[in-house]
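> Chains as they are written, first to last, in the working numbering: chain A, 1 to 170; chain B, 171 to 340; chain C, 341 to 841; chain D, 842 to 1342.
Treat each hint with caution, since some may be false.
DSSO-like, lysine-lysine: derived pairs with alpha carbons at most 30 angstroms apart [claimed, not checked]:
#1 A/Lys25 x D/Lys845
#2 C/Lys664 x D/Lys1165
#3 C/Lys541 x C/Lys344
#4 D/Lys1078 x B/Lys306
#5 B/Lys195 x C/Lys344
#6 C/Lys577 x A/Lys136
No wet-lab data here; the hints were simulated from the structure.
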Amino acid sequence: MHFRATVEGVPIEGRLTRSGERMEKIEALIEDRSYTLELVEVEPGVYWMLWNNRSIEITVTSGPNGAVVSIDGRRIPVEMEGAGPPRPRNTPKSAGRHDGAVELRAPMPGKVVRTLVSVGDAVRADQGVVVMEAMKMQNEIRTPKGGVVASLTVKEGALVNAGDVLATVE
Amino acid sequence: MHFRATVEGVPIEGRLTRSGERMEKIEALIEDRSYTLELVEVEPGVYWMLWNNRSIEITVTSGPNGAVVSIDGRRIPVEMEGAGPPRPRNTPKSAGRHDGAVELRAPMPGKVVRTLVSVGDAVRADQGVVVMEAMKMQNEIRTPKGGVVASLTVKEGALVNAGDVLATVE
Amino acid sequence: MFKKILISNRGEIAVRVIRACREMRIATAAVYSEADRGALHARMADEAFPIGPAPAIQSYLLIERIMDAAARAGADAIHPGYGFLAENAALAEACEAGGVTFIGPSPASMRLMGLKVESRRAVARSGAPIVPGSTDPITDDRAAKSLADSIGYPIMLKASAGGGGKGMRLVAAAKELESALSATRAEAAAAFGDDAIYIEKFIEQPRHIEIQVLADRHGAAITLGERECTIQRRHQKVIEECPSPIVDADLRRRMSEAALQVARAASYTNAGTVEFLVDRNRQFYFLEMNTRLQVEHPITEMVTGVDIVQQQIRIAAGEPLSLKQDDVSLRGAAIECRVYAEDPDNNFFPSPGRITQLRRPSGPWVRDDSGVYEGWTVPVDYDPLISKLAVWGATRHDALDRMRRALGEYRVEGIRTNLDFFREVLEHPHFRQGDFDTGFIDRWLAGRPEPAEPARDERDLAAIVAAIAEAARKPAPAGSAGASQPESAWKRIGRLRALKS
Amino acid sequence: MFKKILISNRGEIAVRVIRACREMRIATAAVYSEADRGALHARMADEAFPIGPAPAIQSYLLIERIMDAAARAGADAIHPGYGFLAENAALAEACEAGGVTFIGPSPASMRLMGLKVESRRAVARSGAPIVPGSTDPITDDRAAKSLADSIGYPIMLKASAGGGGKGMRLVAAAKELESALSATRAEAAAAFGDDAIYIEKFIEQPRHIEIQVLADRHGAAITLGERECTIQRRHQKVIEECPSPIVDADLRRRMSEAALQVARAASYTNAGTVEFLVDRNRQFYFLEMNTRLQVEHPITEMVTGVDIVQQQIRIAAGEPLSLKQDDVSLRGAAIECRVYAEDPDNNFFPSPGRITQLRRPSGPWVRDDSGVYEGWTVPVDYDPLISKLAVWGATRHDALDRMRRALGEYRVEGIRTNLDFFREVLEHPHFRQGDFDTGFIDRWLAGRPEPAEPARDERDLAAIVAAIAEAARKPAPAGSAGASQPESAWKRIGRLRALKS
């Protein structure tokens, strides 16, 4: 089995040879690094790995074209190639667009308590733009870069879902 | 929805009317007894029921044509009609045959430690026939009725599965 | 004793009360909002009553809905838990009017302790120490100056009508007083229509330490030692300990005596908590009294062996305290971590949603008071506390090591939690030494280094398991990898490498 | 302190030891048989080593495999748990030879206490009370008669070479002695080739009470109170308590002193348990010493606050006991139920198999030492203990009520367990009063009435939910019910009713 993946932004390529039943034996070659290990899925999405007699528990939370792999409390994002067309994540983060504008998105579902700026206002990087409330806590949504508020998509009192655009800063 | 079931050996017939989404409302008429209740499957096979404001947790372990329903630690076997062809249970119990003979079956997987009788021996009801070991415990398998040992299918040291015939008594 | 108790709350604290009732063979009635259909507390109770839509203001905060449910249940008592209506005297009054016992103090005690100025005055009269300053509004600048001089700088100016951190100003030295006074007065007048202000000494790098009180309806009152609640993030407690690393027997005795003075000043009955600020010289000052069961009560239970919720119920039923002060002893040390549905990697934003996997720690001296289960969707409408993880050890050191072990066994998938954050805090040398103040976490977070990159073999193992999981999820035809995919990072870098070589 | 400990065991006790090690920051190495791939103890350890096929005789009981795994792991100590090789002096000797510390007593202590006759003699010499009778074989009938008369009837005749209940005969009165002697001698000669016999007083309706001992390698030894282990089914402990309902401070002091005499007689080090029979007059007699960690150690931990496993490790590492006898106090009461994979409705036959659902109790003062997880297949090859559920309460009464609550929260599907059986035992009035002997459970089971039929509405609700579950499992076309099915009970009875009407 051949695979390509991007692990924390670093692309790698590997080959696996699998054998065995309940506890699989796996030979893996990733670039020039080889691994011999045993693996069994002990609970749904939870794998127990033996590697050089080390007992390692690994949890995989799979998504359509990516997964978060937890090893001993460390979360490692892995995007698999050939895993189907990419689908937007549940919670898109605020991110730059091609035109250089920044979309501020709601990091969680909740209510807009206050807007702190108006369209046309100049804003500094890290300045608060909207205050959201979820789970009884108020959180300021800040702009990652300075500029001018190009749009303010929500009003005070609005209910928003995770990923909804709150404002754009150009 | 119409159903027929056998509950602890007692056959009943009922009609259900279902409505609602996350928490279903159910109107049931079983013979002349009517029930109004709400139901939601909170975990796989675990249902939370509200009936006259009573909060009742019910676990269903489904089989091909039967289920064991647990209500507050009480286990109630329910056989549904129209649930597909019957399939043998995992662990058939020792039971009488049409010809009046009794088959003694292994109640669990394990090892035959000793046979206590020989073919042709006369046995009393409740007399031990075979000693099995499983989970480090020895258990005598006894005949529910007296008679003559017609066959002894296992030898000392044999490994048997749950439901395997150990002996027959006529 | 009561026949049936209605619990006017949700989540872990409702579960806690249900457990106490079950142990006392008292029937339980839960209430639930539309967001809490199938919630753990509703599942566990003997009866459950719907009380309205998801927003608390339309359900858990509606006194008439609670009283109506109690009447339908035929409950003879109501336990309010903490939060929601727990410190609302109107619920206690509605109970009195409805002939149902409210498991808590009298409405008068609740009202007195709920008022900032009046409670401060009552406590001052009782002889318990309050933060030095004025107990009446100051209008005269000369009086303000002489008071500030007598208590010593730094001081805080506080608008009488203010609250929640608004209308407050720190004054570091005498020379700043005059301009600060006029600025604060002006702000207060503008914001609250009232320019009356108070002066209080500013306690630098304080610790937040509280005393648990139990008082029956027959005049007996005892204390169950202190809790150290200094570890806070944005003024929210996250880790509590019992005992406090800085409280010795003498200080405990003096703080307990002060707490009893406060309780007596409020004619207090049932379980209550007197909160103190403690300065660097271990001087302590009354902060406020919480007139209800405290979130962090489990650590006191573990160290004293006293079931505080059962005591609440017995006191409310009119029983005299079965414990005398001499019966109370502290054994070992307990620590609690508040497990929140929040994302420490994303500014601690709330993280509601469905819990896809839940494995909870267990074994010796580990207690998990959870309000959720695997498959439950943590609603966006209520506070993010999903569990309180508490451990006990013979010493503080043992308890810390046990907590570290328990955190390692805890696994929550589907939502983010602060479990890993606690693992970091627990290893911080200042925390282990017990050397901290209320600003500890916020200062540490401000200067917290980025977590180390995972090692190369960890990354490789992650990729291997992800590949296996992907293959199990969707068995792909051999050799199909990436055939018609958008250009991947792998390809891009591959090309870059080719260019370089 | 050790750097890495190999645990030569499996299941809940291996998990218990791993937890202690993790709290002490000691690395752990597990061993596992082919049946235990993916077992909880192997998952939780830092390292895991395969040691052979499923049968214990080919894996967990093979000293060379254990020593080989320890060498590969680079472990500097081995913890044997209980069972398997825990009381096998040869493992302790192999450790000595291999330069690995065995966490337990010396091979000499283990051997002495493992021999019935020699240990009885050594204990008799130490001054601790043994069951009255002969310490040497008796060949002369007149000597037998005079000994029997002096200790009083009833007595037991025991073949010297016998064991495991074979070659034993109860003699109720003097007139039966002569014929019993000749019958027992004849049987012993036939069965064992040796007609030597012993005489021991027969203790009627005894209780089984044991004392926990800790002894370091520097001559210090303390006791941690008693455990009441009288509740047994077929000589297997199922419920244990600490303290015993019949032991007061004076009896505890005397039994503890006797236990220390036994420990000294065996030059004992590390944790050990001295078992006593206690008769109806509260006279106690040495039964045997268990030279290892006891299954039921958690209840002592809960009542004393002492972590016995950590103490074992510290003692083995050569540390002097940090606790003095005066530091040990008992607070409240603890009870343990041994959760077995067995079917109480089917003669308590073993019930191995896959656990399809596992929900474990939690909350205040509940401790579940489990060796399994949801999805795990309990193997047929090892003992059926899947968990030890222990609770603590301020009084025995509180602990019983808490256990009842905790049992109600425990849910295991896929295999059968004795959880419901415990709920019945806990409500038995004699059990609640603490009035029982070792035959209590077996007598009660013999006369146990059939459980009551479920009420009609319970049956109806069960049918409704089963119908809903069935519909979800396999959405059936409307009106298809029973079309081509074999004749059902429903149809038969429907016809019978038609005939009758």
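> Now look at each hint and say whether the structure bears it out.
To see whether the hints hold, each was checked on the structure:
{"no.": "1", "hint": "A/Lys25 x D/Lys845", "result": "holds (26 angstroms)"}
{"no.": "2", "hint": "C/Lys664 x D/Lys1165", "result": "holds (28 angstroms)"}
{"no.": "3", "hint": "C/Lys541 x C/Lys344", "result": "violated (48 angstroms)"}
{"no.": "4", "hint": "D/Lys1078 x B/Lys306", "result": "holds (15 angstroms)"}
{"no.": "5", "hint": "B/Lys195 x C/Lys344", "result": "holds (26 angstroms)"}
{"no.": "6", "hint": "C/Lys577 x A/Lys136", "result": "holds (15 angstroms)"}
Violated hint: 3 only; the structure is consistent with all others.
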